[in-house]
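Q: Kindly produce the complete structure, drawing on both the sequences and the hints.
Protein chains in written order, with my numbering: chain A, 1 to 143; chain B, 1 to 159; chain C, 1 to 109.
Because the hints were derived from the structure by calculation, they are not lab data. Predicted, not measured: the structure shown is a model, and the values here were computed from it. There's no promise every hint is true.
[What the hints assert, rightly or not] Per label pair, the in silico range of CB-to-CB distance:
1. B:Asp132 x A:Leu42: 53 to 59 Å
2. B:Ala124 x C:Glu14: 45 to 51 Å
3. B:Ala124 x C:Val4: 32 to 38 Å
4. C:Asp86 x A:Ala83: 52 to 58 Å
5. A:Ala69 x B:Asp29: 39 to 45 Å
6. B:Glu15 x C:Gly68: 56 to 62 Å
7. C:Ala37 x B:Arg56: 52 to 58 Å
Beta carbons: idealized from backbone N, C-alpha and C, even for Gly.
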Amino acid sequence: MMATAGEQVRAYRLAAEPGTRVLVASLGLACCAMEVESAVRLGLLRADADAADPSDRTVLLVAGTVTDALAPAVRAIVDELPAGTPIVSFGACAGTGGPYWDAPTVTKGVDQLVPVAQYIPGCPPRPEALVAGLLALPFGVAR
Amino acid sequence: MSAESRTVAREAWEETLGDLKAQGFAYLDLLTAIDRGDQIEVVAHVVEPVSAGQIRVSTRVPAVDPRLATATQLFPAAAWHEREAAEMFGLVFDGHPDPRPLLRRASPGRPPLRTATVLAARVAVPWPGAADPESAGKGARRRQLPPGVPVDWLDETST
Amino acid sequence: MSPVAHGVIALLPEACTSCMICVRECPTWCITVESHAEQVGEPGARRPRTVSILDRFAIDFGLCMYCGICIDVCPFDALEWAPAIDNSAANRNDLVHDTERLAGWRMHD
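A: If you want it as structure tokens, here you go:
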């Protein structure tokens, strides 16, 4: 049985923009999930326990290696999100396959499944790069 | 900590693992394979949980007849390891209760971790290192190949 | 964390001889070098010398695994780590940085 997105993703908010209520739903698939968490330690993201607010702008962050075996589960989670939710790829694997570019079991980037709004490169990206990449999205907030 | 190593004949694989389990090496830590050319080496690490003592057991099977008795009756944890080793190295584990591929979803082809198998991505993507500025305009010297691909790779893939 | 750690890789184009070593060592095949040969006459030299002129150097940071092998193997120190945090892109192709952009990441001349 496919788990729901709520059980699979971890929610964060941008510390720099607490008022914008950007909900960063992180789908952690590999080591990049730890790197997202490191942004919390640095005070750049807040691990957010608040209930989602209807005014939230949700972003789905895909952090880690998408494998062909896992691709349907990733796709199902994307499909549960509100239409138009921007997908941000975090790291080389989620962006292109990265170090696993020639592996027979790895999807060559999450954009093979769903369009990506912003690619954050790195192996891993720096936590600051995560925040910069999220702020580069057209949230409609003053920047 | 260096683990003790034992190499056994293919026919003694199941019995060796069974003896070790009876001696207390009840935890299967790892089962994988290595392409040795004409033979495929299968390696298992078993652990005695109290002392954390570890023994490495290996056997070799012919690459043209890569069959081996399953260890799943002794160690249920061997099931995933053997499914992975099977799909990656073309091994057949006789008696495996569920021999479906574990990780591969693409159409079956040559086992990807056999060294003779050229990965599809490495054929589809031109190697940027093939450009040779030194011989530009002079006619190519020896053709450059990416590291880790067989020398006859281009011949094989161009046919 | 060092400010250059996992930033970007900068290029010093004037130091690059288009020798292709970095391109061939890169595990992810993310570096592209285009060059051409030119005859350079020097005063006092009997015949002109053939030199490689760099036309284009590009790193695909989408594929790059930040291993630094290219920096280590370069015999001419033409590549170096440099700080960058704002290098995300809305288009996949914009993750490919070519000569000028790579040169612009340099911390010093």
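Q: It remains to establish, for every hint, whether it holds in the given structure.
A: Here is how each hint holds up against the structure:
A beta carbon spacing of about 46 Å between Asp132 (chain B) and Leu42 (chain A) contradicts the range 53 to 59 Å that was offered as a hint. Taken as a hint, the range 45 to 51 Å is violated for the pair Ala124 (chain B) and Glu14 (chain C), whose Cβ atoms sit roughly 35 Å apart. A hinted range of 32 to 38 Å holds for the C-beta pair Ala124 (chain B) and Val4 (chain C), which are about 34 Å apart. Evaluation of the 52 to 58 Å hint for Asp86 (chain C) and Ala83 (chain A) yields a failure: the beta carbon distance comes to about 29 Å.
Taking the beta carbon of each, Ala69 (chain A) and Asp29 (chain B) are about 23 Å apart, not inside 39 to 45 Å as hinted. Separated by about 48 Å at the C-beta atoms, Glu15 (chain B) and Gly68 (chain C) break the suggested range of 56 to 62 Å. The supplied range of 52 to 58 Å is met by Ala37 (chain C) and Arg56 (chain B), whose beta-carbon atoms lie about 54 Å from each other.
Of the hints listed earlier, those the structure fails to meet are numbers 1, 2, 4, 5 and 6, in rising order.
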